[in-house]
Amino acid sequence: DTEVTQTPKHLVMGMTNKKSLKCEQHMGHRAMYWYKQKAKKPPELMFVYSYEKLSINESVPSRFSPECPNSSLLNLHLHALQPEDSALYLCASSQEPPTAWSYNEQFFGPGTRLTVL
Amino acid sequence: KQEVTQIPAALSVPEGENLVLNCSFTDSAIYNLQWFRQDPGKGLTSLLLIQSSQREQTSGRLNASLDKSSGRSTLYIAASQPGDSATYLCAVKETSGSRLTFGEGTQLTVNP
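Chain order of the listed sequences is S and F. Counting along the first sequence from 1, when you hit position 88 you're at 88 in the numbering used here, and nothing is skipped either side. Counting along the second sequence from 1, when you hit position 50 you're at 50 in the numbering used here, and nothing is skipped either side.
Don't read these hints as lab results, they were simulated from the structure.
To spell it out: a stretch of chain S is covered by chain F in this simulated footprint if at least three of its residues, at any positions, have a beta carbon under 8 Å from a beta carbon of chain F; those stretches are:
(1) 38-48
(2) 84-97
Just the calculated beta-carbon pair ranges, DEER-fashion:
(3) F:53 - S:12: 39 to 49 Å
(4) S:9 - F:9: 26 to 36 Å
(5) F:56 - S:99: 21 to 31 Å
(6) S:82 - F:61: 36 to 46 Å
(7) S:27 - F:19: 29 to 39 Å
(8) F:46 - S:99: 13 to 23 Å
(9) S:5 - F:1: 32 to 42 Å
(10) F:5 - S:38: 11 to 21 Å
(11) F:70 - S:54: 35 to 45 Å
(12) S:61 - F:16: 39 to 49 Å
(13) S:30 - F:53: 22 to 32 Å
In this text, a Cβ means the ideal position worked out from N, Cα and C, and glycines have one as well.
Construct the complete structure from the given sequences, taking the supplied hints into account.
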C-alpha cells in the first residue's frame, strides 16, 4: 500500500459542531503532517507528528486539535470553527521526520474539503 | 525569510507544445527542491525531487533543472497533453529548517 488516505472527502459543519478528519497510511512512515490550503494558494503547514509525538505546531488556533493514536493514523479534531477555516485540509507522510540536515519526500493524501457555515 | 515565486501564474498552450515553468527562490541555502502537481480540489503528487548537489532530474516527459547559485529551477514538459492540465507547485527545503516553502503555483491548461 503506497498511498495516504483521507476521510471524509467533503465535510460541511456549523460553527458549533465538533467533527474530526482522519488520515491513514500503511507505508511505515514515521512522520505525518497536516496542511491547510485555501483556494489558489499553496499549502500551509499546520502540524507535524514525528514518531507519534507532536513536533511542530505552527501556532494553529486551539479549535484545531491534532491526535496521533498510532503510527498509521492521524486525526484532526475540529471544534467551534469559523467560516474562514473553510479550506482543503491535506494530510501527508514521510519515511522519517524532516530536520535541518535531511529531507524525506512527502506523500500527500487527496484532502478533505471542509466548509464551515 | 525564504520566498518562492512561480512565473507565470497561469499558462494556456495547445496540445503538443513543449513548455517551461519557472520557479525562483530568494535564499540559495536550500537542501532540495521539489515539483508537485495538483489537480483541482485534489492532493499533491510529487513529480521530481532535486537535491541541492544535483543539476537536473528527469522522469518521462518531465525534466527539472536547478541552478542553486542563481536561485532558479525550471520544469520542462515535452509534447504537452490535455492530461497535463493542472497546477504545478515548486517547494524548497532550506538547510536551516525542517519545513517546505511553497510557491503559489502555475495553473497550466493544455488545449486539445
